[in-house]
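Visitor: Put together the whole structure using the sequences plus the hints.
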Amino acid sequence: MKKYLKVWLKWAQASFIIVLGTYKFSSFLFLLGKIIRFLFFLLTILIFVGKAKALADYTLNQAILFFLVFNLVDILSQFLFRGLYWFRQRLISGQFDYALLKPLNPLFEVLFSHPDPLDLITLFFLIILTIIFLFRNSLIANLFSAFLFFSLLTNALILSFSLHLLVAAFGMITLEIDHLIWIYRDLTQMARIPVDLYAPLIRGFLTFIIPITIMITFPAKALVGLLSWQEVVLSFIAGILFLFGSLKFWQYALKNYASVGS
Amino acid sequence: MIKYLFIIRNTFEEYFIYRINFLFWRLRNILGLLTGYFFIKVVFGQEKILYGYDLEKILTYIFSVSVLRAVIFSSRVADLAGVIQTGDLTNLLLKPISTLRYYFSRDLADKVLNISFSLLELGVIIYLLKPPFFLQKNLFSLILFIFSAGLALLLYFFINFLLSLIGFWTPEVWAPQFLFGILLNFFSGGLIPLDVLPKPVQFVFQVTPFPYLLFNPMTVYLGKSSLLTALGMILISLVWIGIFYFLVRRVWQKGLLIYQAEGR
Chain Y
116 MKKYLKVWLK WAQASFIIVL GTYKFSSFLF LLGKIIRFLF FLLTILIFVG
166 KAKALADYTL NQAILFFLVF NLVDILSQFL FRGLYWFRQR LISGQFDYAL
216 LKPLNPLFEV LFSHPDPLDL ITLFFLIILT IIFLFRNSLI ANLFSAFLFF
266 SLLTNALILS FSLHLLVAAF GMITLEIDHL IWIYRDLTQM ARIPVDLYAP
316 LIRGFLTFII PITIMITFPA KALVGLLSWQ EVVLSFIAGI LFLFGSLKFW
366 QYALKNYASV GS
Chain H
4 MIKYLFIIRN TFEEYFIYRI NFLFWRLRNI LGLLTGYFFI KVVFGQEKIL
54 YGYDLEKILT YIFSVSVLRA VIFSSRVADL AGVIQTGDLT NLLLKPISTL
104 RYYFSRDLAD KVLNISFSLL ELGVIIYLLK PPFFLQKNLF SLILFIFSAG
154 LALLLYFFIN FLLSLIGFWT PEVWAPQFLF GILLNFFSGG LIPLDVLPKP
204 VQFVFQVTPF PYLLFNPMTV YLGKSSLLTA LGMILISLVW IGIFYFLVRR
254 VWQKGLLIYQ AEGR
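Going down the list, the protein sequences come from chains Y and H. Note that the working numbering numbers the first sequence so that position 172 is 287, with each residue one more than the last. Note that the working numbering numbers the second sequence so that position 132 is 135, with each residue one more than the last.
The hints are simulated quantities; they were obtained by calculation from the structure and are not laboratory data. The reader is advised that the hints may include incorrect statements.
[What the hints assert, rightly or not] So the derived label-pair ranges between C-beta atoms look like this: (1) S119/H with I255/Y: 42 to 52 Å; (2) R253/H with Q366/Y: 25 to 35 Å; (3) G184/H with I236/Y: 13 to 23 Å; (4) Y119/Y with I246/H: 54 to 64 Å; (5) L158/Y with R31/H: 22 to 32 Å.
All C-beta atoms, glycine included, are put in the ideal place defined by N, C-alpha and C.
Guide: This is how it looks when you write it as structure tokens:
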């Protein structure tokens, strides 16, 4: 474990030097773009939901909370699993073979390399904003809700890890990663509003097939005390099933990997 | 002229080489459309009117903007910045073709493909979800809408071409394009109709070229603009196209003077 942490810190250090040292101007613009995109969607919620007074059964503040939790899970996942975005290039150039030779689990390099400091900066401000918003509007139902929220957030990261791993494994077999990961990102964006608002078929798909609901809507609902115990149980079962399923599929893909490019 | 037709044909063929990529790309468009549809449907409910829009008008706006965006914002010009950076521009300069027309031809192929698939996807979504949809029956309004959308297409091409020319001066080309894309989507009315914003903000937006890309053509389609206003918008669009065409020519000439084919 200590070895992995040491390697990850080295990667983080290298990324920070490249992003914040070499490409200062680009980094500033990317950060600005991310913040503006966040504010524009927040403004859209304020304009429409604010005027309509509610989003179905949810108040304006609850609608904003769902959006904040979406961002939290989304940016945390990007920060932790940024390596996947570099994986295709490593695969088609044959560079992935080197990862297999190292005394590290290749899965670790595939997902956890290239942590982006811009994600960390965005995350820092987002967490502060979320905390202020939660306390100002007294949105946390009780202490147990807060505990449940953190447990489900951890579960969400496990699910996110599993989905990223499934994309990586699928990519190893087909070499199609880029669009697949963006489809996953687009699907998560559907949870910028509570998934309960979609048609039953889409809701079912986003809960049981690609568990975006469990990753984003459920933690937010838990925080405001709207989550049933059945949904809590479902969340953790899904977390365990997806984790083991993705690890199995990764092993399968790894066994069938035939080096390309090198 | 015939050489540009070949460029259009080649661009078509490029798309169909990577079929899974193409399929996934279209799937992403559908997901974006569905998210907007459900959000608006819940917010507006059955009979609510917000900011002068009822459910029918706002859904028509959301759906039509998605098609317009797919047509107007689909572009291959953004590649030019990278082409300058890698020195591959030299290949283009040596050929007996105009770089401006070369990219416009590639853009046209992109747009034909986009409009075909977007209309097909929209048709399927409308058939399956049966949302209320406003059909403009006034032929004159339809003609004005198509004409203003055509001008928007030209205007976007020149704005994007100009932005790509920063590749002559800096290697950091992707970040400005990323930021520009986000700002453009909002300022052009891609995210929300601009007339839901406070009046002073609307006024500021209207003095920029951005509303002429999506929002203004849509107000013509929805019948929110009088004939005189619509004609005024078309005239201002023409002025903006003239300004950006002039800027593109000037900056292109200046860029060529300092171009060193780095990377070649």
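Visitor: Can you list which hints this structure breaks, lowest number first?
Guide: Checked against the structure, the only hint that fails is number 2, while the rest are satisfied.
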